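Participant: Each chain, letter by letter, is given below.
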Amino acid sequence: MIRFDNICKRYPGTQDVLSQVSFHLDKGEMAFLTGHSGAGKSTLLKLIALIERPSRGQLLINGQNLTKVSRRRIPYVRRQMGIIFQDHRLLMDRTVFDNVALPLIISGFSRGDIERRVRASLDMVGLLNKEKQFPITLSGGEQQRVGIARAIVHKPSLLLADEPTGNLDPALSWEIMGLFEQFNQVGVSVLIASHDLDMIARLPYRVLKLKQGQLVGDGYPRRREPT
Amino acid sequence: MRRHSTQRQNHGEPRPQGASRGATRSGIRGYFTLHLSMAIQSLGRLSRSPFATLMTAAVIGIALAMPTGLHVMMDNLQKSGGDWRQSTQISLFLRAGINEDRALKLAQRLEQKADIQSVYYISPEQALAEFQSHSGFGEVLENLQTNPLPAVLVVNPRLHGSEAEALIERLKAYPEVDIAQLDMQWLQRLFAIMEIVERGVLLLALLLGIAVLLIVGNTIRLAIENRRDEIIITKLIGATNAFIRRPFLYSGIWYGLLGGLIALLLVNSAIYLLQDPVAHLTGLYGGGFQLQLLSSDISLMLLGSGVLLGLSGSWLAVGRHLRHIEPR
Ligand SMILES: Nc1ncnc2c1ncn2[C@@H]1O[C@H](COP(=O)(O)OP(=O)(O)O)[C@@H](O)[C@H]1O
Ligand SMILES: [Mg+2]
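Chains S and C, in that order, give the protein sequences.
For the first sequence, our numbering begins at 1 and goes up steadily by one.
For the second sequence, our numbering begins at 1001 and goes up steadily by one.
Hints were generated in silico from the structure; no laboratory data involved.
Take every hint as true, because none was put in to throw you off.
The following label-pair restraints were derived from C-beta to C-beta distances:
| id | chain 1 | residue 1 | chain 2 | residue 2 | range |
| --- | --- | --- | --- | --- | --- |
| 1 | S | 23 | C | 1040 | 43 to 49 Å |
| 2 | C | 1051 | S | 116 | 35 to 41 Å |
| 3 | C | 1029 | S | 214 | 49 to 55 Å |
| 4 | C | 1210 | S | 10 | 43 to 49 Å |
| 5 | C | 1328 | S | 133 | 25 to 31 Å |
| 6 | S | 23 | C | 1328 | 23 to 29 Å |
| 7 | C | 1228 | S | 20 | 33 to 39 Å |
Think about it this way: if two alpha-carbon atoms lie no more than 20 Å apart in a straight line, the pair counts; the simulated EDC-like pairs of lysine to aspartate or glutamate are:
| id | chain 1 | residue 1 | chain 2 | residue 2 |
| --- | --- | --- | --- | --- |
| 8 | S | 46 | C | 1229 |
| 9 | S | 209 | S | 5 |
| 10 | C | 1113 | C | 1176 |
| 11 | S | 46 | C | 1326 |
| 12 | S | 211 | S | 196 |
| 13 | S | 46 | C | 1230 |
| 14 | S | 68 | C | 1326 |
| 15 | S | 46 | S | 5 |
| 16 | S | 46 | S | 26 |
| 17 | S | 130 | S | 98 |
| 18 | S | 132 | S | 113 |
| 19 | S | 209 | S | 198 |
This structure is a prediction, so every number in the text was calculated from the model and none was measured.
Don't be surprised by glycine CBs; every beta carbon is placed ideally from N, CA and C.
Take the sequences, apply the hints, and build the full model.
Facilitator: This is how it looks when you write it as structure tokens:
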């Protein structure tokens, strides 16, 4: 699904923010990406989402080499993934429904398909009754769930989340994490950047640990090895 | 439904280069539905700030109305040129050897005619003096031994339409008359001036067209700037540049169309207001011509150029500014 092969990334005027990062995430696998603030988690996700380009190394997603994707092709690669941001990035002047419908509109789905899929997606995150509201009228957790509904509405094969629970209290965080597990169970690959070590430790998923741009850990939490 | 399964098949495998563009669209109809809904959406967006929209459209309208109005004026003047011929004078150059007495008698006889209003006599001496003072050949002419100019009768006809030609034929038949000539110098001068003005109008149209481009371009640039976050988010979700461009291009088209409509309204109102005074004025000169409202051809052209300028202006802005808005 995702293959990093000796990836280095430096921004103009910086040292390597990521250096020699190599790992492979299988189709249908769910993993966490941890590390202190500034370790390079967001940068790593941005490389996958083609927001940034690697300085060196090979990066493959679904077998396609991202380093060779032209600017024009970037949108079509992005449509294969769902991206969730810490700050939701919702369109504040559009209803919940319209926000969630956006990925479908972009791909030119028919109105009927859009309505059906948006409802299904909102149903999954438990916001079906709020489709006509504007994001500003929702709580932080609800806004994050709208962001998740938008990220999964087009049935992507890969879900990326950058600190999706960063601003939420523990109860809400668990709720959101439950959603990710749900998607993962139906075969979606999930990569979540998070520094919520407490929660990560209680979950049976693979953990990739970044430290100053280097991959220093790759394994499962000690307490509960997957069977 | 079919599209549904296509979409699912596409998941998890690399799409062939260039093949997926619009792959999920259901043919031509879906494409037009999409465009129509986008056009309506962008109109809806404009109507949410009606004052700002109208201001921009009004500026475009005025810019389009000025050259159009002038063009219409010139057009009307040229058409009416034919009508004004009837108020022209006819010069009768008399044969050499016709003396003043005979000339004046002829003048008197002509003045009796129903289709002639007045006749006055210019002696060869008067003609020479006038020519000397106007032509700049004064000194050359002073050295002439004899006066080469004939006596002239200037006839002010009372005419309608094409009767001038017939009258001239009749006047030519008098034995005293050598040459009868419709005096259209002033008309020719007018036409020459109008040609210059027409060029000026063209130049003005060009400049104002550029102004419209800049106005639309700037308005769209601001709209892009205002929706920067939205653009970034939509790009992150996988929108193509074409998709993001589209609503702005439609705004440009709407601005141009609205501007064109306003211009149409302005020019037609001006013509309507001027119709009576112009009819009165031409009535004084014996003409009877009416300013015409804009023809459907011109109206369509006006709207069309509004749309075209709006589209080009937004295209310029979009080309320059959208490219630099990328997610970070
Ligand atoms: N656009 C950028 N330009 C320059 N430096 C950047 C940019 N984005 C991130 N960085 C730097 O790269 C490092 C890693 O940042 P980031 O990937 O955001 O880390 P994390 O998400 O783990 O906190 C930080 O030192 C940060 O300052
Ligand atoms: Mg970060």
